[in-house]
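Line by line, the protein sequences are chains A and B.
Going by our numbering, the first residue of the first sequence is number 1, and it counts up by one from there.
Going by our numbering, the first residue of the second sequence is number 1001, and it counts up by one from there.
Quick caveat, the hints were computed from the structure, so don't treat them as lab data.
Where a beta carbon is used, it is the ideal one built from N, C-alpha and C, also for glycine.
Certain hints may be false.
[Said to hold, decoys possible] To give a feel for the contact side, a few chain A residues facing chain B, derived at Cβ under 7 Å:
| # | residue |
| --- | --- |
| 1 | I37 |
| 2 | A44 |
| 3 | V47 |
| 4 | W55 |
| 5 | D59 |
| 6 | M63 |
| 7 | V70 |
| 8 | V73 |
| 9 | E74 |
| 10 | V85 |
| 11 | K99 |
| 12 | L100 |
Okay, here's what each chain looks like letter by letter:
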Amino acid sequence: MLTIPIETQILFAGILFFLGLIGLLVRRNMIFMLMSIEIMLNSAGLVFIIAGNHWKQPDGQVMFIFILTVAAVEVAIGLALILQVYHHYKTLDADAVNKLRDQNSK
Amino acid sequence: MGLEQYLLMRHELVLTLITLIILIAELCIKGDNSRKIRPFAIILFFIATVVGFLPLGEGSLFGGMFQTNGMILIMKNVLNIGVLIIFIQSYTWLGNEENKIKVSEFFLLMLSTLIGMDFMISSGDFLMFYIGLELATIPIASLAAYERTKTKSAEAGIKLILSSALSSGIMLYGISMLYGTTGSIYFSEVAKSLHSSNLQTLAFIFFFSGMAFKISIVPFHLWTADVYEGAPISVTSYLSVISKGAAVFIFVIMLFTVFRAMTAMWQDVLYITSVLTMTIGNLFAMRQKNLKRFLAFSSISQAGFIFLGMIGGNELGMTSVVYFMLIYIFSNLGAFGVVSAIANRTGKENRDDYDGLYLTNPKLSLLMMIALFSLAGIPPVAGFFGKFFLFTAAAKGGFYMLVLIGVLNTIISLYYYLLVVKAMFINKSETPIQYFKSDGYTRLGLIICFAGIVFTGLFSFVFEYIRVYAFGV
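Produce the entire structure from the sequences given, and follow the hints as far as they go.
Structural data, given as C-alpha cells:
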C-alpha cells in the first residue's frame, strides 16, 4: 500500500492553513472571510487526524469531531450576525462596515 | 467513590442549574416577565456566588480532563463576584422598553459563557480547554450585537465573531502541532514531553497568539476598542473584566504547568509583548475622547501589567495576578458603572460631557475618581497594592529593567486618568450633566465596587487569604 510520508501530510495542512489566512486577509466579502476561517479550522483538524494516525491514537479524531461541531456553531452565529450587519449597512463589504473608528484619525 | 465525586464540579453544576431554571421561568411567567426575571436571576446568582465560597477539595474527574484545586476555586469565585456586580449594574438598562422582550436571553448567554470559562479554567486537557474557550467566546459575540436596532452594536458583533474565530483557528493550529510533537492532549503528558524543539516553539507562538487575542495584547488588540465602543456597556464591562480575567487565569495556569519546560522561551515572548502592550495601550488611551474607547485602551495597558506578574514564573506571581484581577474587577467595574449610569440617563459618553460633573453629581464623580486612581495605582487605594505585588513578582524573577519600564508606564497612565478627573472637578461647563438620582440597583452596584476598592486595599488579609487558600502556606 502506498504511504504518504508524514512531512508531506503536514506540509499539505500547512498550505491549507495559510491559504485560509491569506483568504481572510485578502477577501473583503464577509461570507468569504467566514469561509476562510473555516478552512483554517479544518486544516488544524487535519493536523490532528494526521498526528492521531501517527501516534496510533483515537484522540486526534475525537478532537476533529469536536472541532467540526464548534466550527458549525461559529458559522451559525457568524451568519446570523452577517445578516444583522446586512440589515443595517445593505452591503457585505467589510471595508464599508466602519462606523466604529478612532474619531481623531481622519 | 460514588456520585459525590461530581461535587468537585460544583460551580459548573450550580451554574447549569441556574441557567435551566431561568430558561424554564421565562416560559412559565406570563405577561411582562422582565420585571420578575431580573431580580429572580440576580438573587439566584447571588446564592451561587455564596455557595462558591464553601470549601472544596482537590481532585480530578473524567480521567484527568477536569481538575480543580484551591487556586482554581478562588479564580472561579473572583469571576463570580465580577459577574454578580455586572448583573446588578445592568438591571436598569435591561428595563428599557426595547430590551424588555429579551431580558432572559441576556442572563442565559452571560451564564453560559461563565460556565464555559469555569470549564476552561478547570480543564485538564486541550479538548476540554478548547470547548470551554469556545463556549466562553461565541455567546459574547451575540451579546455584543444585543441592541438589534443599533448599527454600531451589529458592527461590534461581527467584528468580535470574526476576530475571535480567527484567534481560535490560530490557537487550534498551535495545539494540533503540540499534539503532533508530544503525542497527547492531556496537560500532564504534554508537560512531560516538551523540550523546546523548533516545532514546539512554533506551536507555542501560535498558541500564544490565540490567547493574546482574547487578552487583547498588542499586536493582537485591534478589535478591542471597536468592539468595546459598539457593544452595550454591560457587555463591554463583561468583556473587559470577566472574559479577559478568565483568559488570563487559564493562561497563567498553562504557562506554569504545561509550558514549564519552556520557561526561558516564553519569558522572552512575555517580556517583549508586555512592554509593547503597556506602552502602546497608554499612548493610544491619551488621545481618546469617547470614554468607552478610553477604558478599552486603559484595559489593554492593564493587560501588559498583568504579564509582569506572570513573567517571574513564581508562586508569588500567580497569587499577585489573581489579587490584581480582583482589584481590577472592582475598579474597572466602578468606572464602567459610572459611565453606564450617566449614559443610561443622558446618552452622553464623551469626556467633554463630563465637564463640571462634580458640581452637579458629586457622589458619582468621587466614585469615578477613586476607581480611576485605583486603575492608575495611586497609593491609598487598592490598585496601588495590586501593581505593587505584580512589580515585586517581576523583580523577584530578576526583571528589573521591565519593572522600571512598568513604573514609567504607570506615570504615563496617570496623565490620562487625571484628564478625566480634571474634566470632572476643575473644568467649567455651560451645559453640565444635570443632577439625577440613580435607582437602587445602580447605587447598590456602585457601592459594592466602592467597598471592594477600599476593602481589598486597606486589609492585607485578602492577599494572604488567596495565598493560604491556593498554596496552603
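Right, here's what the structure says about each hint:
no.: 1; hint: I37; result: 5 Å, holds
no.: 2; hint: A44; result: 4 Å, holds
no.: 3; hint: V47; result: 4 Å, holds
no.: 4; hint: W55; result: 4 Å, holds
no.: 5; hint: D59; result: 5 Å, holds
no.: 6; hint: M63; result: 6 Å, holds
no.: 7; hint: V70; result: 5 Å, holds
no.: 8; hint: V73; result: 6 Å, holds
no.: 9; hint: E74; result: 5 Å, holds
no.: 10; hint: V85; result: 5 Å, holds
no.: 11; hint: K99; result: 6 Å, holds
no.: 12; hint: L100; result: 4 Å, holds
In this structure, every one of the numbered hints holds.
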